[in-house]
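Engineer: Okay, here's what each chain looks like letter by letter:
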Amino acid sequence: MLTRSNTPAQPAIELAEHIVEVISDSGEGAQRCGQSLAAIAARMGNGIWTTEIIPAEIQPPARSVAGASGIRIRIGSQQVSNGGDQTDLVVAFNEQVLIGRVQARELKPGATILLENMWRSHLDPAIVQTYTRTVEALRGDGFQVIELPLEDRCRELVDDPRKGKNMFVLGLLCRLYGLDAGLAHEQIARVFRKKDEAVIRSNLALFDAGSAFAEAELDLRWRIPAQRATEPQVVLNGNTAIALGVMASGMDICAMYPITPATSASHYLSEVFEKVGGLVHQAEDEIAACAFAVGASYAGKCAVTITSGPGLSLKQEVLGLAVMAEIPLVVVDVQRGGPSTGQPTKVEQGDLLAALYGGHGDAPKVVLAPCSIEDCFYSVITARKIAETFGMVVVVLSDASLATAQQPFPRPQFSEDWLAPPVDQTPVPPGAKPYDWDPVTGLSRRFQPGQPGGMHTVTGLAHDRASKVAYDPAINEEGLRARSLKLASLQKTLRPAPVFGDDDGAGGDMLLVGWGSTMGAIQESVTRLRGEGLSVSSLHLRFLNPLPPGIRETMARFRRVMTIEGCWSDRLEDEMIDADNRRYSALAMMLRSRFLVDVDCWSQSRGQPIKPADICAAVRRALQTTESHA
Amino acid sequence: MSRRSLSQCVIKLHEEHHALEDYQGGVPRWCSGCGDNAILAAMQRLCSDEGLAPENTVFVSGIGCSSRLPHYMKTYGFHGLHGRAFPVAEGIKMARPDLHVFVSTGDGDCCSIGAAHWIHAIRYNMNITVVLHDNHVYGLTKKQASPTSPRGLKSNTTPYGAMLEPMNPLTVTLGVQGASFVAQGVDWVPEVLYDIMLAAFRHRGFSFVRILQRCPEFMPKAFDPWLRDPQRTQLLTHADGLQLSTGLSSAYRNQRVHDPRDLDRAREIASVDDPIPVGILYRNPDAPCYEDLRHAGQLRSPAVIRAGLNRELDKYTVWPEGAAA
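Line by line, the protein sequences give chains A and B. Just so we're aligned: the first sequence equals residues 0 to 629 in numbering that gives the first Met the number 0. Just so we're aligned: the second sequence equals residues 0 to 324 in numbering that gives the first Met the number 0.
Next comes chain B alone, as it looks inside the complex (with noise of 0.2 Å):
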């Protein structure tokens, strides 16, 4: 790939194999049947086969169950504010743009609390993969309504049911300018959801991978009719996509060829929410990164900051009588 460069294969000849449990930071404290255990599994499996440098590995997230994903990664992380994991995220890749940036959000971090820079986040497209683990609920906080949960929930909140329409983050990115990758994967189809992720880590650019995922706490039935059928469970399968496994194929029956350079297309299609798409929706490899167009990473020296200055500074000075200018 051209943008490696030479010091990093290097670097790649006495580069010890990382094995799974080189990623494994401590026993995760979510509920038995949390699909956070699934998107976990993944993220550990993806590090393993990518064969990324634990050091220079970085899971940035927000506050909410989703948000206590690093610290169940031996890599380093950033456990920081509900709703500025996409903010810190940036910083880190503009000063080094050397590390895997990854971004673990909910769907109250990233869809409530943190809109903001969720929406610019996806202008900047720079290359962080983000995972948005979408249980439709508050579940650190014990059952609040969020932004995606269905009309009718009854929450803490809403005890007489939430009235506003969900939410859709899927058309929500697809929308704004700047978007370069888009996925939907569910926690009951752990193959599908690696492929995405995987695909989503390997896309450079803000790569966005919505996930549904069970919360067995608050909301215990909210997928059930779509485990029960697979047939509302869509599989988005093309040449530069998902490509699925013969027992996967037999499985879930209901695919259909989408190719993920289609925006209008992809626009349709997450528009639907029964039955749910799963793959990539959209990619452009070739929308430009924010950190590339600002050059980040730059090295700089002493000398060429001493230049800048006194270039600076000779435009403001007056100097002695005699002395040159």
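Looking at chain A on its own, in the form it has when it is part of the complex (with noise of 0.2 Å):
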């Protein structure tokens, strides 16, 4: 039995890492306690990724399968970069939300379970009968569950436990971890700084409740040895990010409409962005966001409009305009599944053409794609810098997995090269035209109202140097050349991505590919892979478009060139899909077409974070084919 009885606590048992759950109905604060767990274990000095577990709906019923809302929490030694593969302990608190879990094989086998006890002694005959099943068959499958009195111990403290039981359980999950209570009781006193002191007082009094019950009646022990940063670290979500990324930009306006998962963004910009002279704008509809960014962007204030997938279908001839008339343009996707409304609360990374090839007509724009919660800070600076540079729409792709998921980064330090420049007001000088392309760079200066002499008409239309109307086929063709060379002269200034494995430039076997969210996950594969002897090495994009210089040269390093992508690609297993029909996902097929190379692609959209292990196994088998093969 793992319940203490008289015996002293075992020594706690020393791991390099261990992931986390916690899961309840919709409402029971698992999140926030998830949340508050990995706040303390990172302010410990451990690495950290979370990743929460969302209910499609609003209001799921109590003790569905469906409605498990929670977080998992990996916790380790060094830094953590994705959230890893399948959870060693789980708090749960009934049954019901632990077998979507269990049947979506997001459970360790043979992990630990701790579960709510009081279904046992429910007054509804049914529930008692399906709680006791399911624990049964959690048994016979090899779980260890350890069902606790979380609602009884919790009552007595408060009257509702429903919404006390989180602290109780984050003050257990504190004491099985060996994490330290100081930085714990601050930490609540964080979470509830906007709530009096009554409140504040009872969460602790249950965190010390929780603490104390795990001291006295559980054996279980583990310590994550952390090794505190020697710099000031923030941690912080990747929504979160974008919205500081936007406040240190020096943008002054958000145009936004509400959409999942990248609300929260503009939620948290609402309330801060004001404090230092910016607004956020919510708009009647997605359309009328973009354009109000336009407009901003357009009279010298260069503005951000965030937004997710369907969002971004309908700012489309918008982002056309923006491209026509060369308005600077920060916009942030937060991608979720689609198409459609899809899977608003999950992560997909299905926007990439979207973003590239969305629009009507030759629309050239600068992709960016952060790679990690740092990255969605300091990429919403470099966007607004691009943008206002090159005059250009630059599109940030962030996901739903870097939009709730939190992890340490060093805490930037605020540099005023960060800002915009103010807006110019000086005259134009005598024959000066709005769009006088440079014949190399294809850039030119942007006037901006205000200025005397600039006067002039911005248009969609095709139009020429003195932004009048082209009515002459060699005028269309001079604008759509300067539009493209400003990307290519984008691309002169951008350096090599660097190979993550490869550190002696041998080459090798295999070198996967990926962008976004999934850097994490793919070089936590790679070094796993070499570590089995495999010949493995990795390249992570930044930009997307355009594309770093180099990659040409290190694709041709290795025999076999493979991407790794969150979004949907045929697979030749399936009997209609052949090497001439296949649809290959978003990279794969920028990249066969733009290098001329047999790039391979392997792809997962299950609304989940790619795992590490599902990377492997991936990469083992289709080396294994080519070993076939050869």
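Since the hints were made in silico from the structure, they are not lab data. Even for Gly, the Cβ is constructed at its ideal location relative to N, Cα and C. A portion of the hints provided could be inaccurate.
Here are the computed lysine-lysine pairs in the DSBU-like style, where the Cα-Cα straight-line distance is at most 35 Å [as the list claims (entries may be wrong)]:
1. B/Lys73 <-> B/Lys314
2. B/Lys73 <-> A/Lys467
3. B/Lys153 <-> B/Lys220
4. A/Lys162 <-> B/Lys314
5. B/Lys141 <-> A/Lys432
6. A/Lys345 <-> A/Lys107
7. A/Lys162 <-> A/Lys345
8. A/Lys432 <-> A/Lys345
9. B/Lys141 <-> A/Lys467
10. A/Lys194 <-> B/Lys220
11. B/Lys314 <-> A/Lys467
12. B/Lys220 <-> A/Lys193
Cβ pair distances, simulated, as ranges [as the list claims (entries may be wrong)]:
13. A/Asp284 <-> B/Lys153: 31 to 39 Å
14. B/Lys141 <-> A/Asn475: 17 to 25 Å
15. B/Val256 <-> A/Val422: 41 to 49 Å
16. B/Pro149 <-> A/Ser339: 35 to 43 Å
On the chain A side, residues computed to face chain B include the following (Cβ under 10 Å) [what the hints assert, rightly or not]:
17. Gly299
18. Val427
19. Thr440
20. Leu442
21. Arg444
22. Gln447
23. His455
24. Thr456
25. Asp471
26. Asn475
27. Leu479
28. Arg480
Take each chain as given, in its own frame, and dock them per the hints.
Structural biologist: Quick look at the structure:
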């Protein structure tokens, strides 16, 4: 038995990492519990990565498989770059929310389950029966189920345990992992800082009770050694990082329309932006949000619009206008599952081609993809700079995984270089033209309203250097050429993307290529596979348009190239699919067409972050196929 | 006026006077006899009379015959997308409340493809002057029915006659919470047209002026009954509204005293299409402007941004052992 009698506590088992999950019905605070656990571990110096488990419905029925709401926290002694594979320990507030997790193979075989036992003595015999059967089945499957009287113990302290159980569990988990109670108390005070003293006191009491309960009743003890950083770190999620990036970039205006999973960035920005003179405008729709941002940018204040896939589609016509008129604009797309309403709360990397080619006509845009939480912050600053320097639309492709994942990174040191220059109001020299395209770079100096002598009418029609409507076919091509050249000019300033794994530059059997949020999982896979003796490396792209230099040379050093992407691609094992009709994933398609290299792809779109174990299995399989062909 | 800041007054001292031709930017390519010409002439005169610096003036438009207007002004102009003039103009005004922002739109641009933006632009009540060129037809794309086309209109998309009742842009605008200035003009009474546009410009808020204009190409006879009979044009007068010259007063004897503060009466007048009411239907100078509510145009300094960013980062920072939080 794991429940203690009178024997002294076992010494803690030291671990390199552990994955913990807290799941409950929606509204029972599992996410807050897990977010706090992650923050406390990070404050102690552990690496962490959190992944939210979000029900798709607003008010799912209680005790339902689909209603599982919660969070997974991967805690490591080193830096953690992704959510990892399967869960080691799960705390569940009822047995139903567990079922879906088990069915989806999210739990490690033999994982420890700490389960609320109030259902065993429930008044409804049907609930008692389901509970008992489920527990038996879980034990039969080899899970270590430990039943806990969470409700009973919390009722000793609060009237409504539904609203306090999460902090009791936090205390319990902190004790199991030996996390510092003082730091935990600080964290609780911070979480409830907007509530009154009594609420903070009550939650601290619940925390302490949970901790004391674990001390007295549970024989589980783990230690994940932590190395406290010597420099200040910040712990926040991707959407918060994007919002802070907007603030740090010196942009004044964010125009948006609510859409999951992007909205939390705008929520946070709405709270803090006005304090530094910025503003968030909630427009009447996605199109208006984009047009509002274009208007503000045109008037000299480069603006941002934050959205998700369906919103990006709606904005496309306005983006075409911004490209044609060369108005700088930053668009953040926090990607979700698509097409259509798809999987609004779940991750997918499905918008790459829409960002690049979703518009009408030839509309070159810059596309960036942050690869970590830290990147989410800096990519907005970079995007604003590029947008203004080149007079271009810059799309930043984040996703639902980065949006909610937390990861510590060095605290940014503000620099005035990040800010936008003041609006130029100097007179325009006589004879200067608003689109005086440089013949080499395609760049031109933009005139802004308020500049004497610069009056002209910006138009979405094809236009000449004076912004006059072009009726001459040669003028149309001159404009197209200039707008296209700007992309090449930017490309000349980019550094080659570094290769991970191939330190000696000798190349090897397989190069994995990825973009965006999958970087951590891909690099962890490379490390594992190299540990197995396989010659695998990876290349991760932050710039998708233009692509950085050096990709051709890098690919040439490897026998095979395969992209790893979180979107759909046809599988060759399907009867109808062959080499001629296979639809490749987006990046693979781009690399194949640009470099004429036979790039393979492996992709997954299960609405979950891709796990390193799945990548490793795919690579092993692919390498075996090569060998059998050889 | 209280909203004029000291710096604007100082600039006024050495500001040059702008003549009418300073606002004339190219030869209009509208058909001869098109009502748009009358609107353009009134606009140019307005800019000159009000002494608007061309560099601080922006004409925003969508797509359609109406929306060519910015090209013929020698100010800044933004000829954007079909239906999207309002949000573009709002973004400009929010970023730069010091600019004079005008919107030139048409019955297709405003009342059809841009209808959602129109409704919300009324709600925002930003200080923008809007002219709806309403000729009851799509002209640029060569005669399709618009939302304001009369029933029975034979067009390329309604060869057997338009079946729906026309939309009334005045009652729609007056029905939206936040409407602060609604007026109607007709291109065949240019003197009144100018007076209405001047009052619209001087109103601080979203000034919506619907102008009934002739399309000689596709709707040549649409307004003939009204042109023939001055009694079928009703001029709205008031001490706080239009005051008519003697000449005009004797030509257009159908007059009605209407207080522009009376919203109920304004809605009543707006719903009448024969006689055509011309004048200021509604004006509420006290309706708050969105850009004021949002404190647009604040000066920002790097120090403020630095402090704000650091304050936020503090909330998420894990300090090394011994470091001060």
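Engineer: In this structure, is the beta-carbon distance linking lysine 141 of chain B and asparagine 475 of chain A contained in 17 to 25 Å?
Structural biologist: At roughly 23 Å between Cβ atoms, asparagine 475 of chain A and lysine 141 of chain B fall inside 17 to 25 Å, so the hint holds.
Engineer: How does the Cβ-Cβ distance of aspartate 284 of chain A and lysine 153 of chain B compare with 31 to 39 Å: does it lie in that range?
Structural biologist: Given range 31 to 39 Å: holds, Cβ gap about 34 Å.
Engineer: Hold the hint about threonine 456 of chain A up to the distance rule: shortest CB distance to chain B must be less than 10 Å.
Structural biologist: Given a least distance of 3 Å, the restraint on threonine 456 of chain A holds.
Engineer: Cβ-Cβ distance between proline 149 of chain B and serine 339 of chain A: within 35 to 43 Å?
Structural biologist: 39 Å, holds
Engineer: Is the interface hint for threonine 440 of chain A satisfied, with its Cβ closer than 10 Å to some Cβ of chain B?
Structural biologist: 25 Å, violated
Engineer: Would you check whether valine 427 of chain A satisfies its interface hint, that is, whether its CB is within less than 10 Å of any CB in chain B?
Structural biologist: It holds, given that the least Cβ distance between valine 427 of chain A and chain B is near 9 Å, below 10 Å.
Engineer: Are the Cα atoms of lysine 73 of chain B and lysine 314 of chain B separated by 35 Å or less?
Structural biologist: The given pair, whose Cα atoms are some 51 Å apart, is violated under the 35 Å limit.
Engineer: Does lysine 153 of chain B pair with lysine 220 of chain B here, judged by a C-alpha cut-off of 35 Å?
Structural biologist: 13 Å, holds
Engineer: Between lysine 162 of chain A and lysine 314 of chain B, does the CA-CA distance stay at or below 35 Å?
Structural biologist: 24 Å, holds
Engineer: Does leucine 442 of chain A hold up as a contact with chain B if the rule is Cβ-Cβ below 10 Å?
Structural biologist: Cβ of leucine 442 of chain A sits 21 Å from chain B, so the hint is violated.
Engineer: Could you grab the alpha-carbon distance between lysine 314 of chain B and lysine 467 of chain A and see if it respects the 35 Å cut-off?
Structural biologist: 51 Å, violated
Engineer: Min Cβ distance, arginine 480 of chain A to chain B: is it shorter than 10 Å?
Structural biologist: 22 Å, violated
Violated hints, in rising order: 1, 8, 10, 11, 12, 19, 20, 21, 25, 26, 27 and 28; the structure is consistent with all others.
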